[in-house]
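Student: Throw the hints in and build the complete structure from the sequences for me.
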Amino acid sequence: MTSPSRLADRLRAGTFVVTAELSSSNSADPEATWRRAEVLRGSVDAINCTDNTSAHVHLSSLAAAHLLVERGFEPIMQLTVRDRNRLALQADLLGAAALGVRNVVLMSGDDVTAGDHPEARRIYDIDSMQLVEVAAAMRDRGTYLSGRKLEQAPSFFIGAVENPFAPPLEFRPLRLQKKVRAGADFIQTQLVFDVPLFARFMAMVADVGLIDKVYIIPSIGIPRSARGARFMREKVPGLHVPETLVARLEKTPPALQAEEGIKLAVELVNAVREIPGVSGVHLIGIKWEEGVVQVAGAAGLLPRPTLSPLVTAGGHG
Amino acid sequence: VRVVERLVLAVEKPLKQAVWDCRMCGQCILHATGLSCPMRCPKNLRNGPCGGVRADGNCEVFADKRCVWVEAWEGSRRLPLYKDHIEHLQKPVDWRLQGTSSWINLVSGRDGIAPAGWSPHPALPQRRTVAEGT
Chain A
1 MTSPSRLADR
11 LRAGTFVVTA
21 ELSSSNSADP
31 EATWRRAEVL
41 RGSVDAINCT
51 DNTSAHVHLS
61 SLAAAHLLVE
71 RGFEPIMQLT
81 VRDRNRLALQ
91 ADLLGAAALG
101 VRNVVLMSGD
111 DVTAGDHPEA
121 RRIYDIDSMQ
131 LVEVAAAMRD
141 RGTYLSGRKL
151 EQAPSFFIGA
161 VENPFAPPLE
171 FRPLRLQKKV
181 RAGADFIQTQ
191 LVFDVPLFAR
201 FMAMVADVGL
211 IDKVYIIPSI
221 GIPRSARGAR
231 FMREKVPGLH
241 VPETLVARLE
251 KTPPALQAEE
261 GIKLAVELVN
271 AVREIPGVSG
281 VHLIGIKWEE
291 GVVQVAGAAG
301 LLPRPTLSPL
311 VTAGGHG
Chain B
1 VRVVERLVLA
11 VEKPLKQAVW
21 DCRMCGQCIL
31 HATGLSCPMR
41 CPKNLRNGPC
51 GGVRADGNCE
61 VFADKRCVWV
71 EAWEGSRRLP
81 LYKDHIEHLQ
91 KPVDWRLQGT
101 SSWINLVSGR
111 DGIAPAGWSP
121 HPALPQRRTV
131 AEGT
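Protein sequence lines correspond, in order, to chains A and B.
For the record, in the first sequence the residue sitting at position 5 is 5 according to this note's numbering, with numbers rising by one throughout.
For the record, in the second sequence the residue sitting at position 131 is 131 according to this note's numbering, with numbers rising by one throughout.
Hint data in this document are derived by calculation from the structure and do not stem from the laboratory.
All values reported here derive from a predicted model rather than from experimental measurement.
Hints may contain errors.
Listed next, the in silico EDC-like pairs over lysine to aspartate or glutamate satisfying Cα-Cα at most 16 Å (straight line) [unchecked claim]: (1) A:Lys263 / A:Glu250; (2) B:Lys83 / A:Glu170; (3) A:Lys287 / A:Glu70; (4) A:Lys235 / B:Asp56.
Tutor: Written out as structure tokens, the structure reads:
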């Protein structure tokens with residue numbers, strides 16, 4: 001027997017969920033991953049393990065997710081099509097399932113030119129949409145893309161991403177619909193700093209009839225400094241950060257900027273919560289898990305319901 | 001057959017390269033992408049744009065070029081036919097067809113062959129439940 005996703009249970013029960021991103025590790029010591037994750041214990045429902053985030057090499061998301069399973073956390077394994085062909089992707093999906101990972105988020109990934117190995121060969125053998133379909137086929141039909149049978153199908157809760165702020169804006173909801181058709185159960189969005197624009201996107205998503213077909217979880221970034229916010233506005237591909245937000249932090253004395261960042265993130269959480277179709281929030285504090293805990297607390301999202309015990313180690317049938 | 005393919009390619013290749021900057025994937029879906037060749041996308045995305053498209057509509061990778069999918073969306077709105085085909089889920093690329101004639105592959109049906117485990121969903125399914133214990 002494979003144990004189901006506890007994140008899925010929570011969303012289906014109608015709980016407003018809180019997920020967070022774990023800062024990626026560059027350490028061969030598992031303690032480095034556990035130390036960061038422990039900060040989040042009790043404050044979030046599930047933890048994203050990123051896959052070579054920003055196209056920089058880090059500890060693999062598969063290894064990080066397994067380390068989290070070992071300590072009783074609920075991981076969400078991110079997987080990009082940038083670094084692996086269809087064979088490697090399916091092998092890692094099945095491997096993740098065997099290691100107790102139940103939630104995956106499948107995406108294209110930032111281009112290699114944005115990372116620390118810009119000279120690398122990019123793969124993109126299949127696209128993120130096709131990977132969602134492949135994962136769904138493994139789960140629902142128990143087959144690889146080739147049609148060959150799996151001995152035991154995985155029980156994934158399948159996630160995908162969407163950027164409500166990147167052109168072509170009118171196509172984004174239709175692209176989301178394609179992902180849902182392919183098999184996506186939940187969506188984590190790009191960082192939301194512009195609430196009116198996000199609300200417009202959600203209205204279009206509702207028009208397409210997707211609100212009750214997929215759980216949408218917007219990402220909320222926690223700026224730690226004006227410099228960080230400025231960097232996100234000007235340098236990070238796909239990010240839409242309004243100038244007014246950066247200006248607000250720049251007007252704040254440096255010693256108080258982190259506190260202002262928390263305040264800002266809490267305001268964003270409260271604002272997106274009011275938008276129909278929003279099922280939770282995904283909190284991102286870059287190398288700042290403590291910030292996540294503070295935002296969750298100040299936004300009234302704590303305490304989180306306790307996790308049901310994991311049925312993994314030795315629990316597979 | 002070899003000779004036929006060479007003759008067809010002699011017409012198809014220069015024509016499509018000149019008009020659409022075609023990359024000869026051999027499995028043309030231009031009708032579903034507003035006549036914007038998706039193989040020009042640095043990520044070879046065939047189902048829509050990535051999340052890195054710049055605010056001005058340019059490519060994440062090539063800042064001075066329009067995103068292939070911004071052009072695809074705009075192009076699809078102008079098409080008299082196949083407008084909604086941009087919403088179709090496109091199957092994975094068969095890389096063996098690279099450099100072959102998509103016209104011949106269309107006529108022979110070769111470009112319609114998907115991997116056996118691929119099954120696009122024609123209709124929007126109800127919210128799925130995780131298969132527990134299967």
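Student: All the hints need checking, so say for each whether the structure fits it.
Tutor: Here's how the hints hold up against the structure:
1. A:Lys263 / A:Glu250: At roughly 14 Å apart (the allowed maximum being 16 Å), Glu250 of chain A and Lys263 of chain A satisfy the hint.
2. B:Lys83 / A:Glu170: Cα-Cα ~14 Å, so holds.
3. A:Lys287 / A:Glu70: violated, 22 Å
4. A:Lys235 / B:Asp56: With a Cα-Cα distance of about 14 Å, the restraint between Lys235 of chain A and Asp56 of chain B holds, given a limit of 16 Å.
In terms of the numbered hints stated before, the structure departs from hint 3 and from no other.
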